[in-house]
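Given chain A, work out where chain B should sit, using these hints.
Chains as they are written, first to last, in this note's numbering: chain A, 5 to 525; chain B, 4 to 328.
Since the hints were made in silico from the structure, they are not lab data.
Since we're looking at a predicted model, the values are computed, not measured.
Straight-line distance between alpha carbons at most 30 Å, and here's what the computed DSS-like set of lysine-lysine pairs gives:
1. A:290 x A:351
2. A:88 x A:64
3. A:64 x A:200
4. A:200 x B:189
5. A:28 x B:189
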Amino acid sequence: MILRNSAIGIAMLAATSVQAADFKWASTTDPQTMDPHAVNSAPVLGFLNNVYEGLVRRDKDMSVQPALAVSWEPIGEGDGWRFKLREGVTFHDGSTFDAQDVLFSYQRASGEAADTRSWFAPVSEVIVVDDYTVDVMTTAPNPLFPSSIANWMIMDQGWTEANDAIVPDKETGNYATINANGTGAFKVTEREPGLKTVLVPHEGWWGDVEHNITRAEFNPIQNPATAVAALLSGDVDMINPVPIQDVARLQEDSDVEVIKGIEARVIMLGFDHEAETLKYTDDEGKPNPFRDPRVRKAVAQAVNVDAILATIMRGNAEAASQLVSPAMSGYSAAHAERPAFDVEGAKALLAEAGYADGFSFGLKCPNDRYLNDEAVCQAVVSMLAQIGITADLEAMPVRNYWPELREDNYDMYLLGWSPGTFDAEHPVRFLVATPNEEKKLGSWNFGGFSNARVDELLPAIQAELDETKRQAMLDEVAKIIQDEQVYVPMYVQPLVWGTRSNVELTQRPDNFFLLRWVTVN
Amino acid sequence: MFAYIVRRMLQSVIVLLVVGLVAFSMFRFVGDPIDNMLGQERTQADIDRLRAELGLDQPFPVQYYKFLKNAVQGNFGVSYRQGRPVSTIIAERAPATLELAFVSGFLAITMGIALGVFTAIRRQGIAANLIMTVSLIGVSLPTFLIGILLIYIFSVELDLLPSFGRGETVMIGNWSTGFLTASGLKALILPAITLGLYQMTLIMRLVRSEMLEVLRADYVRFARARGLSDRVINFRHALKNTMVPVITITGLQLGSIIAFAIITETVFQWPGVGLLFINAIQFVDIPVMAAYLMLISVMFVSINLIVDLLYYAIDPRLRVDARAT
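Chain A on its own, in the form it takes in the complex (with noise of 0.2 Å):
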């Protein structure tokens, strides 16, 4: 018996000894900085999380948490927001973390040659109060503030000032960009652009270890089969994304996982809703139906999006209804319900309009931003040639893709939107708001949609405290999108992470990797 148990400690104590782990993982995109600040993009982003804190941070399921700040209040009747600062955290250098680091953070990155400033656009003034006090005034009551700073990492202003890193600079990089000094889980100890990247834990870190990482790896791979290859044959232990076409053979495999989830990107179509003529059609000068939006809702039902989640999405993904997600805030459960898939509705809707012999039309796809979406674009076309449109689909790299876009070169497009907020309010201020230079509204409404009633209700949705009032209003802004068809939501993207059978994870649906839930047992 005695003999037993001490087997079993021996045991016991050979676990323990395993628990430390050396861990590496691919993704196709390097991220180009390490400075939080220079890039707002979520490959820089999602990796400098394990590097860097803000204030808040979220949570597994996206919710916040306290990180860099243990507790935060409004300030009168929406004046700005109070936020009380943790004690005792250092940076990965050893210097102490305060107030004034706050201070500097925030003067670092809402300045001119910060890509994150538009983060600071409602706020008029940062006021250091004492060492762990720090009062963040808005010129307008903004409930979200606390929410929408996760992303907003704290640097310490000795260490960037002593480096001569206190301006973030992407054009022509600076001691910040190739170094990174956090309060993170996680210390980058090696760093090369483009091939390796390696962490190890920070000793120091003020939270609770769930990790058993002793050092992590980064590699970026930009061809998915040598990825997946890599992964097979245990090279790497994790690789986002996998390419969906992959991911019944990886299933199959007993020494990898197939991790599945759902992004918060929505696809969509998007119309031109100001040109008077299309621009890609057979019959010159004739006037864009697109601006009817009957003939938007009639896209809208004779688009399949079950067929294609089953077919080039091999059942990865969900269908969507609104600009975002279900699993997003201020989501209009009233509005959940998308436009059936409906041939002789759609051409009946279309003879309504006036185009029972159809029409011809350009329709814009990006082939490398979204998973599959040159494929989703074909299945598309043959699906409004069903009720007699016909569309010329002309699919490019999103590097010439945007360019056009902004150029109003097509008839109709694809587009994917991820709300960096987690939040309804998002895709509207930047999607369906009447654009406006000045105000920072619209600006990828390229369709440029415009409806009065919606943008009466956005700075009032943006400055409601109380949350049945907000939803009633985001209600109301779902009702309009959905009532003028001003875009055709098809589906939430999938996320499609592959690991190795003994990995454990966390995957956000923000498509964000964090170390510090990593288990390798």
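Using the frame of chain A, we list chain B on its own:
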């Protein structure tokens, strides 16, 4: 002689300038780097500001002129993607490509000559026929497929070799070498075979057909009549005489091994200049693309120049012509 060299040099410079001009006129079609550099929440004002800062609002001849002006001073600009000087990045990446090119070139030459001689001598043998058939695969399959195939066999199924990357490297001065570590050497095997396979089959087939021709020549027949051993005939007399065209072709192929390493490097995530170039295209990193294209054309132009000069040294007729005009 001097006039000839000067003339050839001038021609080379003109070729380089034209390559650069064509490259810069094409960059517009590669896409717009701005969207990659700014985030989702950018405004039109941000776009305009950055475009003006990078000089992208100017017509391409102006951009080209600026590039040239800096390039002659050794300044190739700063990468849009990495925010570091392009010359530093290329210097970091060049050893990987050069080592890979060296190993696959060496492999192609030694294996190509050995197999070529073997298949020529044992023309009717089963092994020779088998090699000839297999070599057809080497010429006809695209590099991309061969690479993926090798990865699946040797790293996924057999788990012998790494599937990507360069393994551990050691720095000697500014040169990172993979020759000195076990993992570095192991990582070299598959990419080197993939890159060298086409050149190897090319050399092998060339050596074989030249050899077959030479073996039918009168002097070989006389050598046989003199009672010389097969070994002496095959290697001393026959092989030596097949070497002239082989050396010419090999010299010219050297450039293409480096230039075509792009595909092999992408498949194996080999951290060389080819992969850098592919990344640069995806990101529309104009300074990196421009520097790479200029570098490759400088390389090809200098190889051609050297070949021309060698001809001049070897072929007396060129000298006579030059004097006559």
